[in-house]
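Enquirer: Residues per chain are reported as follows:
Protein chains: 2
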Amino acid sequence: MSAEIICVGTELLLGDIVNTNVQFLAKELAILGIPHYYQTVVGDNPTRLKEVISIASQRSSILLFTGGLGPTPDDLTTETIAQHFNTPLVEKSEVIEDIQRKFQARGRQMAENNRKQALIPEGAAILPNPTGTAPGMIWQPQGNLTIMTFPGVPSEMKRMWVETAVPHLKSQGWGKEIIFSRMLRFRGIGESSLAAKVNHLFDLTNPTVAPYASLGEVRLRISCKTTSETEANTIIEPVAQEIIKIAGEDYFGRDDDTLAKVVGQLLRNKKQTVGVAESCTGGGLGGMLTDIAGSSDYFWGGVIAYDNRVKIFLLDVSPEVLEERGAVCDIIAQQMANGVKKRLGVDWGIGITGIAGPGGGTEVKPVGLVYLGIAGPNDEVESIKCTFGDRSRDIIRYLSSCTALDKLRRKLY
Amino acid sequence: MSAEIICVGTELLLGDIVNTNVQFLAKELAILGIPHYYQTVVGDNPTRLKEVISIASQRSSILLFTGGLGPTPDDLTTETIAQHFNTPLVEKSEVIEDIQRKFQARGRQMAENNRKQALIPEGAAILPNPTGTAPGMIWQPQGNLTIMTFPGVPSEMKRMWVETAVPHLKSQGWGKEIIFSRMLRFRGIGESSLAAKVNHLFDLTNPTVAPYASLGEVRLRISCKTTSETEANTIIEPVAQEIIKIAGEDYFGRDDDTLAKVVGQLLRNKKQTVGVAESCTGGGLGGMLTDIAGSSDYFWGGVIAYDNRVKIFLLDVSPEVLEERGAVCDIIAQQMANGVKKRLGVDWGIGITGIAGPGGGTEVKPVGLVYLGIAGPNDEVESIKCTFGDRSRDIIRYLSSCTALDKLRRKLY
Chain A
1 MSAEIICVGT ELLLGDIVNT NVQFLAKELA ILGIPHYYQT VVGDNPTRLK
51 EVISIASQRS SILLFTGGLG PTPDDLTTET IAQHFNTPLV EKSEVIEDIQ
101 RKFQARGRQM AENNRKQALI PEGAAILPNP TGTAPGMIWQ PQGNLTIMTF
151 PGVPSEMKRM WVETAVPHLK SQGWGKEIIF SRMLRFRGIG ESSLAAKVNH
201 LFDLTNPTVA PYASLGEVRL RISCKTTSET EANTIIEPVA QEIIKIAGED
251 YFGRDDDTLA KVVGQLLRNK KQTVGVAESC TGGGLGGMLT DIAGSSDYFW
301 GGVIAYDNRV KIFLLDVSPE VLEERGAVCD IIAQQMANGV KKRLGVDWGI
351 GITGIAGPGG GTEVKPVGLV YLGIAGPNDE VESIKCTFGD RSRDIIRYLS
401 SCTALDKLRR KLY
Chain B
1 MSAEIICVGT ELLLGDIVNT NVQFLAKELA ILGIPHYYQT VVGDNPTRLK
51 EVISIASQRS SILLFTGGLG PTPDDLTTET IAQHFNTPLV EKSEVIEDIQ
101 RKFQARGRQM AENNRKQALI PEGAAILPNP TGTAPGMIWQ PQGNLTIMTF
151 PGVPSEMKRM WVETAVPHLK SQGWGKEIIF SRMLRFRGIG ESSLAAKVNH
201 LFDLTNPTVA PYASLGEVRL RISCKTTSET EANTIIEPVA QEIIKIAGED
251 YFGRDDDTLA KVVGQLLRNK KQTVGVAESC TGGGLGGMLT DIAGSSDYFW
301 GGVIAYDNRV KIFLLDVSPE VLEERGAVCD IIAQQMANGV KKRLGVDWGI
351 GITGIAGPGG GTEVKPVGLV YLGIAGPNDE VESIKCTFGD RSRDIIRYLS
401 SCTALDKLRR KLY
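Protein chains in written order, with UniProt numbering: chain A, 1 to 413; chain B, 1 to 413.
Just to be clear, a hint being listed does not mean it is correct.
The list treats identical chains as one, so a pair stands whether inside a single copy or across any two.
[Claimed, not checked] DSS-like cross-link-like pairs, simulated, lysine-lysine; straight-line CA separation at most 25 Å:
no.	residue 1	residue 2
1	Lys245	Lys270
2	Lys385	Lys116
3	Lys102	Lys271
4	Lys176	Lys116
5	Lys271	Lys27
6	Lys385	Lys102
7	Lys27	Lys102
8	Lys197	Lys102
9	Lys270	Lys92
Derived by calculation from the structure, the hints in this document are not laboratory data. Since this is a predicted model, take the numbers as computed values, not measurements.
Generate the whole structure from the sequences, applying the supplied hints.
Expert: Structure below.
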């Protein structure tokens, strides 16, 4: 028993829209514990849609369709499904009445082509659409095969899913066992190095452990299928704790924890404050820190010192060092960190200066070279040299901010 | 001859991420004029992946794979493809060397499991990955079938597509008649209002005109299919000019023009400079301005004045006004704009102060209330009240920065 999601729409093949429907349904299936192995996208073409239905109905037992339920001639999901299973369409008078009511409420007349939306295969049940004119259906055209159709409009699809499809699936026995998972998040270690350290856990079956790479961090997901959150914790936590112990300080948080959130929590616990002095990131680190609601508890602000004059005017950076060594060096990063710490009167100052590119690199100071400065409460100040390589400007800027947060995090432990 | 996109990754089946790769590739195929009828997503499971390859290779002649090229045991796209076509894998020493070089550049050692990434089917060519460790391949395992593989990391995939895959496809004769389009971009007018103004153009067939709504702006796409850019311009430009005339100052740019880029160009032309004083945006406006390479020509920097003390220390905002009226008001926005303008010695100062939420709103000053201040070269200073409504924190912050840029843009005309 497994589900397959089939999205119908030429706009998806043209790349005009991003397919958020499939992500929503995929998540929902995972929560209900319904296995789901394939997603297919096909255009508004009856021949190819029929072929897709034929393949899917052989390998999957629940087919979820989105799109192609509208009133226009190119909307042909329902009739193509009916044709594939050699079943005639019947007109549902209650759907016609519902559509007429909705048009009236908007002060309009139902168009003749909306009548098409009331046709469903003989034997199928209406899957009501409370907000739009296109209802879906729930149909069992053959033993061990359930078909559900939804419109492509995400808000309509979601409401129909929650209000009718989920209760129906639960009544069929699904959702008793659901998938719980924890995402553990790491920074400062590559995917392959972390994988090598926890390699013995990848063969586990309950829970399962799987790695995910993502820009600036590595993630491990621990999942299990069970009936209650308490039981899930009993299964997942020992493995989580083992991984956290192995990873040491490279582990920074789980699930929704971002570096900015974790650093914020650590600062709040210590009743300490931070300010930033940003050159190449231009405000990005401040932006990351203030993404977190309530960050005013520990983040006071800072200086965007993009031009060297601002470094001198507002951060008291030495004009001589700027002249001699240039803005991208360890001393300037330290002076920026110290400068913002002193000017603002905060406990921690972070300075970032580097070459984000694409221009401005030299052999000695290539694109991707970034110096971080961290000035702390005991007057110590440190600089860290980062070489992010010849990557894109936005990635270098993003990684600079992430690394700065990560270095501060380690100092706050 | 048609292409099929096959995305491999259990994270897609679990709904952990939204599949932006498939949208990117779909758009690119449309531009090249390569027909594309199916998209398939399958998990990291060799049996099911083999089945998908079998189906796709019968109905499509170009298969584009994303995902499953990493170093861990569950990354098995390459080996499964090779197995399906009964072809042995060979180790490419140049890939090993490339991976080692990349690890060295980041000051790390290559892990043993990265060696796996150098295996490709005998007869296949490397599809180089300039930024990551996972190269792809271009392979013709049988007549009339071309396979290309890409990693799942979007930035790596995109660069490989642009730098290697597109030239390869063009050398095969694709892309002679291609779809050219111009995206016109507007701000300060709603989608329906703009649509009403240019309604007579939506029935055109060559070029076509279609509206796209996107956060903080409205776009109109003008497209035509033809063989040369010159011809495309002849078809598209008259319509573009008509729309630009109708939209007036609400039109701000086309294609890759962002507000930050357009404002930057206007400042550069006038040889003027700008600085920012950000409270609720916390650095986001500076981040937007410095997203643009070369922004140091006109952007000097600014102050992130998240805490009121920073507003007083570094922007000379009046403590009395702060006390009496609170930080979110027109006078503070003006004082912030003036303060940064004077402290930095720039031509334009922008101040932003508001309530981004979700907490901190009151009946008088609800979430979404934002004041912008703009101080200009002739000592004039203006404030603008924005009410973005009870939207999410990140949207309110984003729209605040966009609106500030848009207001400055109109002053620079």
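Enquirer: Each hint needs a verdict: does it hold in this structure or not?
Expert: Going down the list of hints, with the structure as the test:
When the C-alpha separation of Lys245 and Lys270 is checked against a cutoff of 25 Å, the pair qualifies only within one copy, where the shortest distance is 23 Å, while the shortest distance between copies is 58 Å. Within a single copy, Lys385 and Lys116 get their C-alpha atoms no closer than 58 Å, and across copies no closer than 31 Å, so neither meets the 25 Å cut-off. Taking CA atoms no more than 25 Å apart as the test, Lys102 paired with Lys271 passes in neither setting, with 41 Å inside one copy and 40 Å between copies. Taking the closest pair of Cα atoms, Lys176 and Lys116 never come within 25 Å of each other, the shortest separation being 37 Å inside a single copy and 40 Å across copies.
Proximity of Lys271 and Lys27 under a CA criterion of 25 Å is satisfied in neither setting, with 38 Å inside one chain copy and 50 Å between copies. Only between protomers do Lys385 and Lys102 lie at most 25 Å apart by alpha-carbon distance; the minimum there is 17 Å, versus 50 Å within a single protomer. Neither within a single protomer nor between protomers do Lys27 and Lys102 lie at most 25 Å apart by alpha-carbon distance, with minima of 31 Å and 35 Å respectively. In this assembly of identical chains, Lys197 and Lys102 lie within 25 Å of each other by CA distance solely across copies; the values are 21 Å between and 53 Å within a copy.
Within a single copy, Lys270 and Lys92 get their C-alpha atoms no closer than 54 Å, and across copies no closer than 52 Å, so neither meets the 25 Å cut-off.
Of the numbered hints listed earlier, those contradicted by the structure are 2, 3, 4, 5, 7 and 9.
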